[in-house]
Amino acid sequence: AQKITQTQPGMFVQEKEAVTLDCTYDTSDPSYGLFWYKQPSSGEMIFLIYQGSYDQQNATEGRYSLNFQKARKSANLVISASQLGDSAMYFCAMREGQGGSEKLVFGKGTKLTVNP
Amino acid sequence: NAGVTQTPKFQVLKTGQSMTLQCAQDMNHEYMSWYRQDPGMGLRLIHYSVGAGITDQGEVPNGYNVSRSTTEDFPLRLLSAAPSQTSVYFCASSYLPGTGMGEQYFGPGTRLTVT
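Protein sequence lines, in the order shown, are assigned to chains R and P. Residue numbers for the first sequence follow the working numbering, so the first one is 1 and each next one is one higher. Residue numbers for the second sequence follow the working numbering, so the first one is 1 and each next one is one higher.
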């Protein structure tokens, strides 16, 4: 079974609008972390935002926010006021394991296209 | 800081050849890992290390070896290259989660083609 599921292979959004990228996860570990990374066409992986399993509030970083619904095991990324430079692949990832066995598991990604 | 560096950027191998992908970081991170990225598959963990002298297998370790003799370096060895190992390889490093959120810093990637 997949541990990280991103159900939207591709998404389109108009410039200046908000967009939500979906991510659901599966773990039985009570302590885990959720990450979002951006991969532009140039290929580098850029860290965007992090949410810990015990964090009470949803994480925010500038125009990025993470809609964390623990009971539903979802960690959707919200990008507000989209810009053309936001066009990229977006990966959701989960860190699980403790005591030296930590692993990062990635979803298959969502390709976001921002239209002018 | 150079961050995470990887060499080479591009490599073409013939089936059966061996080679080592180099990875180094200058952030004193304990945790280092190797991923491969294939179209439509996201990133898959090959091997990882939580400190010098300690390595463990990830999701797709077959055909690859690693060692961690220093904190800074984490080379990935392909023992006998196969066309199925054609991929983009990323090295990443981070502090251990207990010392922070543990976000991983990625190198620029190595694009490997095996013919």
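By construction, these hints were calculated from the structure, which means they are not laboratory data. Beta carbons are placed, not taken as given, at the ideal position from N, Cα and C, and that holds for glycine. Heads up, a few of these hints could be off.
[Stated by the list, open to error] Residues of chain P placed beyond 12 Å of chain R at every Cβ, according to the derived structure:
1) T15
2) N28
3) Q37
4) L43
5) L45
6) D56
7) Q57
8) T71
9) S84
10) S94
[Unchecked claim] Taking lysine-lysine and the DSSO-like style, the derived pairs with C-alpha atoms no more than 30 Å apart in a straight line are:
11) R:K111 <-> R:K73
12) R:K3 <-> R:K70
13) R:K16 <-> R:K103
14) R:K70 <-> P:K9
15) R:K108 <-> P:K14
16) P:K14 <-> R:K16
17) P:K9 <-> R:K108
Please flag the earlier hints that this structure goes against, numbers listed from lowest up. Numbers 3, 4, 5, 6, 7, 10, 13, 14 and 16 - these are the hints that the structure violates, sorted from lowest upward.
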